[in-house]
Amino acid sequence: MSFQPVKFYQTGTFTVGNRLLPPEERSVQSDSKRFNSINSGHRACQGCGEALGARYAIDAAMEAADGRIIAANATGCLEVFSTPYPETSWQIPWIHSLFGNTAAVATGIAAALKVKGKTGTRVVAQGGDGGTTDIGFGCLSGMFERNDDVLYICYDNGGYMNTGVQRSSATPAAARTSTTPAVGAEPGNVFGQGKFLPAIAMAHDIPYVATATVADLRDLEAKVTRAMEIRGARYIHILVPCPLGWGTASHDTIRMARLAKETGIFPVFEAEHGEIKSVLAIRRPLPVEDYLRPQKRYAHLFGKQPRIDVIAHLQAQADRNIRKYGLQARKGGH
Amino acid sequence: MDKPFAITLDPGSSLANHTGSWRTFRPEYLDRLPPCNATCPAGENIQGWLFHAESGDYEAAWRSLTENNPLPAIMGRVCYHPCEGACNRQHVDSSVGINSIERFLGDEAIKRNWQFMKPATQSGKKVLVVGAGPSGLAAAYHLARLGHAVEIQEAGPYAGGMMRFGIPKYRLPREVIEAEVQRIVNLGVTLKLDAKVSSIEESMQAGKFDAAFLAVGAHIGKRAYIPAGTAAKMVDAISVLRSMEGEDKPMLGRRVVVYGGGNTAIDVARTVKRMGAEPIIVYRRTRDKAPAHDFEIEEALQEGVMVKWLSTIKQAEEGEITIEKMALDDKGFPQPTGEFETLAADSVVLALGQDVDLGLLEGVPGLEVKNGTVQVGPNMMTGHPGIFAGGDMVPSERTVTVAVGHGKKAARHIDAWLKGTTYAPPPKHELAGIEKLNTWYYSEAPHVVRPMLDILRRQSSFDEVVQGLDESNALFEARRCLSCGNCFECDNCYGVCPDNAVIKLGPGKRFKFNFDYCKGCGVCVAECPCGAIKMVAEEN
Amino acid sequence: MLKQMEGSRAVAEAVALCRPEVICAYPISPQTHIVEALGEMVKEGALASCEFINVESEFAAMSVAIGASAAGARSYTATASQGLLYMAEAVFNAAGLGLPIVMTVANRAIGAPINIWNDHSDALSQRDSGWLQLFAETNQEALDLHIQAFRLAEELSLPIMVCMDGFILTHAFERVDMPTQEQVDAYLPAYSPRQVLDPDEPVSIGAMVGPEAFMEVRYLAHAKQMEALKLIPAYAAEFKAVFGRDSGGLMHTYRSEDAETIIVAMGSVLGTIKDTVDEMRDSGHRIGVLGITCFRPFPVAAVADALRQAKRFVVLEKSMAIGLGGILAVNVRMAVTGMGLKGYTVVAGLGGRAITMKSLHALFRQGEKDELEPVTFLDLDWKAVNKQLEREKAHRRSGPVAEALLRDVGIVGARNY
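Chains as they are written, first to last, in the numbering used here: chain A, 1 to 334; chain B, 335 to 874; chain C, 875 to 1291.
None of these hints come from the bench; they were simulated from the model.
Quick reminder that beta carbons are idealized off the backbone N, C-alpha and C, glycines included.
Treat each hint with caution, since some may be false.
[Stated by the list, open to error] Covered by chain C, according to a simulated footprint, are these stretches of chain A (three or more residues, beta-carbon under 8 Å):
{"no.": "1", "stretch": "66 to 72"}
{"no.": "2", "stretch": "115 to 124"}
[Unchecked claim] 30 Å max Cα-Cα, derived DSS-like pairs, lysine-lysine:
{"no.": "3", "chain 1": "B", "residue 1": "Lys459", "chain 2": "B", "residue 2": "Lys542"}
{"no.": "4", "chain 1": "B", "residue 1": "Lys607", "chain 2": "B", "residue 2": "Lys583"}
{"no.": "5", "chain 1": "B", "residue 1": "Lys337", "chain 2": "C", "residue 2": "Lys1098"}
{"no.": "6", "chain 1": "A", "residue 1": "Lys116", "chain 2": "B", "residue 2": "Lys337"}
{"no.": "7", "chain 1": "A", "residue 1": "Lys114", "chain 2": "C", "residue 2": "Lys917"}
{"no.": "8", "chain 1": "B", "residue 1": "Lys868", "chain 2": "A", "residue 2": "Lys33"}
{"no.": "9", "chain 1": "B", "residue 1": "Lys542", "chain 2": "B", "residue 2": "Lys704"}
{"no.": "10", "chain 1": "C", "residue 1": "Lys1148", "chain 2": "C", "residue 2": "Lys1104"}
{"no.": "11", "chain 1": "B", "residue 1": "Lys846", "chain 2": "A", "residue 2": "Lys33"}
{"no.": "12", "chain 1": "B", "residue 1": "Lys452", "chain 2": "B", "residue 2": "Lys530"}
{"no.": "13", "chain 1": "A", "residue 1": "Lys33", "chain 2": "B", "residue 2": "Lys838"}
{"no.": "14", "chain 1": "B", "residue 1": "Lys607", "chain 2": "B", "residue 2": "Lys503"}
{"no.": "15", "chain 1": "A", "residue 1": "Lys118", "chain 2": "B", "residue 2": "Lys337"}
{"no.": "16", "chain 1": "B", "residue 1": "Lys556", "chain 2": "B", "residue 2": "Lys623"}
{"no.": "17", "chain 1": "A", "residue 1": "Lys296", "chain 2": "B", "residue 2": "Lys770"}
{"no.": "18", "chain 1": "B", "residue 1": "Lys556", "chain 2": "B", "residue 2": "Lys648"}
{"no.": "19", "chain 1": "C", "residue 1": "Lys1185", "chain 2": "C", "residue 2": "Lys1232"}
{"no.": "20", "chain 1": "B", "residue 1": "Lys843", "chain 2": "A", "residue 2": "Lys33"}
{"no.": "21", "chain 1": "B", "residue 1": "Lys337", "chain 2": "A", "residue 2": "Lys114"}
{"no.": "22", "chain 1": "B", "residue 1": "Lys445", "chain 2": "B", "residue 2": "Lys526"}
{"no.": "23", "chain 1": "B", "residue 1": "Lys642", "chain 2": "B", "residue 2": "Lys607"}
{"no.": "24", "chain 1": "B", "residue 1": "Lys567", "chain 2": "B", "residue 2": "Lys659"}
{"no.": "25", "chain 1": "B", "residue 1": "Lys753", "chain 2": "B", "residue 2": "Lys542"}
{"no.": "26", "chain 1": "B", "residue 1": "Lys659", "chain 2": "B", "residue 2": "Lys623"}
{"no.": "27", "chain 1": "B", "residue 1": "Lys868", "chain 2": "B", "residue 2": "Lys770"}
{"no.": "28", "chain 1": "B", "residue 1": "Lys753", "chain 2": "B", "residue 2": "Lys460"}
{"no.": "29", "chain 1": "A", "residue 1": "Lys296", "chain 2": "B", "residue 2": "Lys868"}
{"no.": "30", "chain 1": "B", "residue 1": "Lys337", "chain 2": "A", "residue 2": "Lys33"}
{"no.": "31", "chain 1": "B", "residue 1": "Lys503", "chain 2": "B", "residue 2": "Lys642"}
{"no.": "32", "chain 1": "A", "residue 1": "Lys118", "chain 2": "C", "residue 2": "Lys917"}
{"no.": "33", "chain 1": "C", "residue 1": "Lys1098", "chain 2": "A", "residue 2": "Lys116"}
{"no.": "34", "chain 1": "C", "residue 1": "Lys1148", "chain 2": "C", "residue 2": "Lys1232"}
{"no.": "35", "chain 1": "B", "residue 1": "Lys337", "chain 2": "C", "residue 2": "Lys1104"}
{"no.": "36", "chain 1": "C", "residue 1": "Lys917", "chain 2": "A", "residue 2": "Lys116"}
{"no.": "37", "chain 1": "B", "residue 1": "Lys459", "chain 2": "B", "residue 2": "Lys753"}
{"no.": "38", "chain 1": "B", "residue 1": "Lys753", "chain 2": "B", "residue 2": "Lys452"}
{"no.": "39", "chain 1": "C", "residue 1": "Lys1148", "chain 2": "C", "residue 2": "Lys1216"}
Next comes chain A alone, as it looks inside the complex (with noise of 0.2 Å):
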């Protein structure tokens, strides 16, 4: 008979872990004696994406360093719940400096590391979408640019969240913010503004650019490592749902990034040099309706009136991701 090889574990690598699998090829996040990088008693909200992405890739980093990192951080929730007088959840050498500055901070850690001749200690800086598209764009151009030694992460919840859930460049359009109301004729984010940091990382031409989510810790694990193989300037994006600012349950949060993959709003890849090397192909395809409806900040678009020609133009977004960058869903999955 000639069947599957008998190599299916039950869940495969979908799952944290997975006690059929060796455990050298399970993931770093499923070891009971992982990092923990950023630790328990920070101030995050209930189901918070970012606390979570940040201890996924940190830890990942921390791993593929054998626990030599330092990290420099925005300003943003993820230092603000993370750092608080008198206790702080970071567990590496960490530091925070200000908003917009936190890849030249990476640039100068990794420089002082390089002339000290330690260079097995390497340096991650991470920070928001807006502490990373916006205020902190100048620096991080220069850092890309000059191709330092640092892996820059971003994590992405579309706004600024912790002044209260301000627009960025990194909010999609449609949705509502504090800054982008949803009232008049075309309530939300504008359509045709915004940025796509991983496409402009690309066309700085440097080592490695790649897209992640919560939702897929393997892939994101992967990314990581994969990262913290080259030397120079790496960037890595992933996307981080805020049930604060998106309006979503505390419970969804790893829901509402598996969805924003699967419609195709947030396409997940990995570029070497500025080209695209790979994409996470779409399992079970889905109209982005799905993935917008959980969600207060698009909730205007399914009133009495739904604003049907707005989820259009947000689908078309997602056919052109998925045009884009080849996300259609494969036989067989993964």
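Dock chains B and C against the given chain A, drawing on the hints supplied.
Leaving out everything else, chains B and C in the frame of chain A:
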């Protein structure tokens, strides 16, 4: 390091901040009842034994399985597996082939000569089991494991009861029955063949038995009045099947009409087909209304069995019968049409159901017999203290699996009765329906189809039609289990907690929550693939 | 070793002798020659074990220095004027984090109107940033102050700006005594950071501090600066022992022993002032000079002591608190509170306006006679100013001020008076 005040902090010091105080709901681990377990008439913990099979520990899987059912090799062949009908995986792709894995485990146990563990102590009590069919064997097995001395008295020359006399070899090879019965005998059960119990009271007194379990099968074919000429050959199906087990094979001629639409009708038709005859099944209703399982009808049709749907036999004569066409009315009942047809028939086999011979109960005080079955209480005890009954004898669906379930249930109550206590089954867990699961996490994996014997050999031999899985595809199939409602240690809760508030206790020990830090976000519940966590409101 | 060289070059060589490990550079006049020289030294290998990073802004320059310093590297950058303001957020941050970065500020005016020439507006805008601020009078002192600054900064874990007048010092070719590497090594120990980002001993640097501790943090920064008031003279004395010359310190007095009038100033203008005072002393005036080297921390007690015997002081400063008058003057006035001294503020030399001995003679004589206004604007073109004021009174939309003034004084384009 001389740290600057306030702006430089010691690592991990946030542990002092117990965010658990934010919580209004808390997650709790629980075991939910998988639909397969919920529907298994034998009360098997299917998810439980699949868990071991998934890791390739087949002996542990088999031992887990036989906690409830001592006949997996038989069950893996003849059970109509309602578990697969309930399996949540059908909502993902297709149900897990539980029955095929059960058979694999049963066959593996025979191949490797795995034996049951004998009880540590003996109770000193003696129990008589009447009938070595599935119900009697199951009861004997469970009673023996509970430390009681068990004697089975079987009227026939072989053990197996209706499994032997009612199920053809091509579905259940006899050596499989022999092997599983022998293993029960090896456990210390006394099996007496050709030992018909005529009076249960006398037999109990003679053997000084403390209790009895009656498990006599339905061996008597039901008759129906069909006007027939003296030369017409009419036999009942169960006699035909029974005679297949002896030296005297039935003489039915070439053209055999089988009357009925149940599984026995199919079995007898397929049996005579293998003997070179040309069977035609006559059934008064349609295929979808037939009580036989559709897959059995399909296999029969593949093998060349003919069927006249919507037909009744009006008259039987030598060499031919007259049938009347029927039509279904609004309510789905067949009504005569007045259209008649003649069929050549050397014999007519009536497959219209069976009855149990209840002769052994005569004179027993307190017993109640209604519609040919013995009435029992919820504890399987008849109106006569110490006499329990199960299987075909009691009002219930008559399948091997139901019978095995009766045996187990009765054994537990007999055990309690012998100790002067009552057996209270543990409360059932809530059902793990598909809505409790997050099926995203399960890999795509199509169902492994069991191979079938080629059609020519099916039509001409009694070789087993449905083949077993080999180790690799049995393992694959076992791993298709979603482990509904029961933690399978996938680490998802441990991984997805934004607050590191899940403690991993190590292999086999599952997880616990660290309520000092759990904020009650519920991500673990939402992302648990198998629905083994729930949220409950905090009291204060 | 005596050398004739440009001020910028002298500072660059002195910085190099201090073995900096990370230098970040962004061009802005008039500091550019310093980092150009350092960049060349790194590239050719003369300055080994040093990372020279061309950044994309002053904000990044200070930020790179913050990261490097926090990771334990001796870090240096230089800036001026708009650049200092552009990095202002990071300037405050470096001080708040207690990172001993040394930065040269080649003092230059702040726009608008844009102006590349010297005054002290840039550095003084950062006077409350938490940085120590040292002002050099000469190229020799600029050179020497950098060597002292690294030692002082690292001892205190506080950043230091060494301020030198743009163009006047940075671009002036003068003779300097360049110390040897051995001398500098003897004076300046290797950087041993108070706190460092290190995987072997992780800490979180830069926590968010709320009302419960913020004031204490700020007070501690103040207390640290107060410590510098003791360390600076001590390090200057040690400097003299190693290098053989007086340089640095909190301040210097000049011919002030029996002076009734003391002129207070910072930076290179002290040279012109001293020349003027010399001439006045020759003609019997009891006038002296107080040159402030250390503006932050402000040496309140020492200034009070220096002025105690005088009858009046005149603060001549290249900076201005618009809407009030002087900046340095306010600091000096605070030092002499309750001493009954007459004090005058003179705002001079803004945007590179020349300060001539002729003007100073007239000014100081007026001062001696207590004929000065509380705030004087030296060599202000009152005619042009008044004309513009009239114009503005007459017309709501009177047009661009700077252009109008240039028209009024009859020039197009800038000219050094």
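Checked hints:
1. 66 to 72: With 5 residues in contact (Cβ-Cβ under 8 Å with chain C), the coverage given for the stretch 66 to 72 of chain A holds.
2. 115 to 124: As far as the stretch 115 to 124 of chain A goes, the hint holds, because 3 residues have Cβ atoms under 8 Å from chain C.
3. Lys459/B <-> Lys542/B: Holds: Lys459/B and Lys542/B sit about 10 Å apart, inside 30 Å.
4. Lys607/B <-> Lys583/B: Given that 30 Å is the threshold and the Cα spacing comes to 14 Å, the pair holds.
5. Lys337/B <-> Lys1098/C: Within the cut-off at roughly 14 Å; holds.
6. Lys116/A <-> Lys337/B: With Cα atoms ~22 Å apart, Lys116/A and Lys337/B stay inside 30 Å; holds.
7. Lys114/A <-> Lys917/C: It holds: about 16 Å lies between the C-alpha atoms, which stays within 30 Å.
8. Lys868/B <-> Lys33/A: Roughly 26 Å between the alpha carbons, so the hint for Lys868/B and Lys33/A holds.
9. Lys542/B <-> Lys704/B: Answer holds: Lys542/B to Lys704/B is near 29 Å, not above 30 Å.
10. Lys1148/C <-> Lys1104/C: Holds - the C-alpha atoms of Lys1104/C and Lys1148/C are around 27 Å apart, at most 30 Å.
11. Lys846/B <-> Lys33/A: 15 Å, holds
12. Lys452/B <-> Lys530/B: Within the cut-off at roughly 28 Å; holds.
13. Lys33/A <-> Lys838/B: Holds. Lys33/A to Lys838/B sits at ~9 Å (cutoff 30 Å).
14. Lys607/B <-> Lys503/B: Roughly 13 Å between the alpha carbons, so the hint for Lys607/B and Lys503/B holds.
15. Lys118/A <-> Lys337/B: 22 Å, holds
16. Lys556/B <-> Lys623/B: Within the cut-off at roughly 20 Å; holds.
17. Lys296/A <-> Lys770/B: 24 Å, holds
18. Lys556/B <-> Lys648/B: 17 Å, holds
19. Lys1185/C <-> Lys1232/C: 23 Å, holds
20. Lys843/B <-> Lys33/A: With Cα atoms ~16 Å apart, Lys843/B and Lys33/A stay inside 30 Å; holds.
21. Lys337/B <-> Lys114/A: 24 Å, holds
22. Lys445/B <-> Lys526/B: Answer holds: Lys445/B to Lys526/B is near 26 Å, not above 30 Å.
23. Lys642/B <-> Lys607/B: Cα-Cα ~16 Å, so holds.
24. Lys567/B <-> Lys659/B: 22 Å, holds
25. Lys753/B <-> Lys542/B: 17 Å, holds
26. Lys659/B <-> Lys623/B: 16 Å, holds
27. Lys868/B <-> Lys770/B: At roughly 9 Å apart (the allowed maximum being 30 Å), Lys770/B and Lys868/B satisfy the hint.
28. Lys753/B <-> Lys460/B: At roughly 12 Å apart (the allowed maximum being 30 Å), Lys460/B and Lys753/B satisfy the hint.
29. Lys296/A <-> Lys868/B: 25 Å, holds
30. Lys337/B <-> Lys33/A: Measuring from Cα to Cα gives roughly 28 Å; hence the hint holds.
31. Lys503/B <-> Lys642/B: This hinted pair holds, its Cα atoms lying about 25 Å apart.
32. Lys118/A <-> Lys917/C: 21 Å, holds
33. Lys1098/C <-> Lys116/A: With a Cα-Cα distance of about 28 Å, the restraint between Lys1098/C and Lys116/A holds, given a limit of 30 Å.
34. Lys1148/C <-> Lys1232/C: 13 Å, holds
35. Lys337/B <-> Lys1104/C: 23 Å, holds
36. Lys917/C <-> Lys116/A: Holds: Lys917/C and Lys116/A sit about 17 Å apart, inside 30 Å.
37. Lys459/B <-> Lys753/B: 9 Å, holds
38. Lys753/B <-> Lys452/B: Distance of about 20 Å is within 30 Å: holds.
39. Lys1148/C <-> Lys1216/C: With Cα atoms ~21 Å apart, Lys1148/C and Lys1216/C stay inside 30 Å; holds.
In summary, this structure violates none of the numbered hints.
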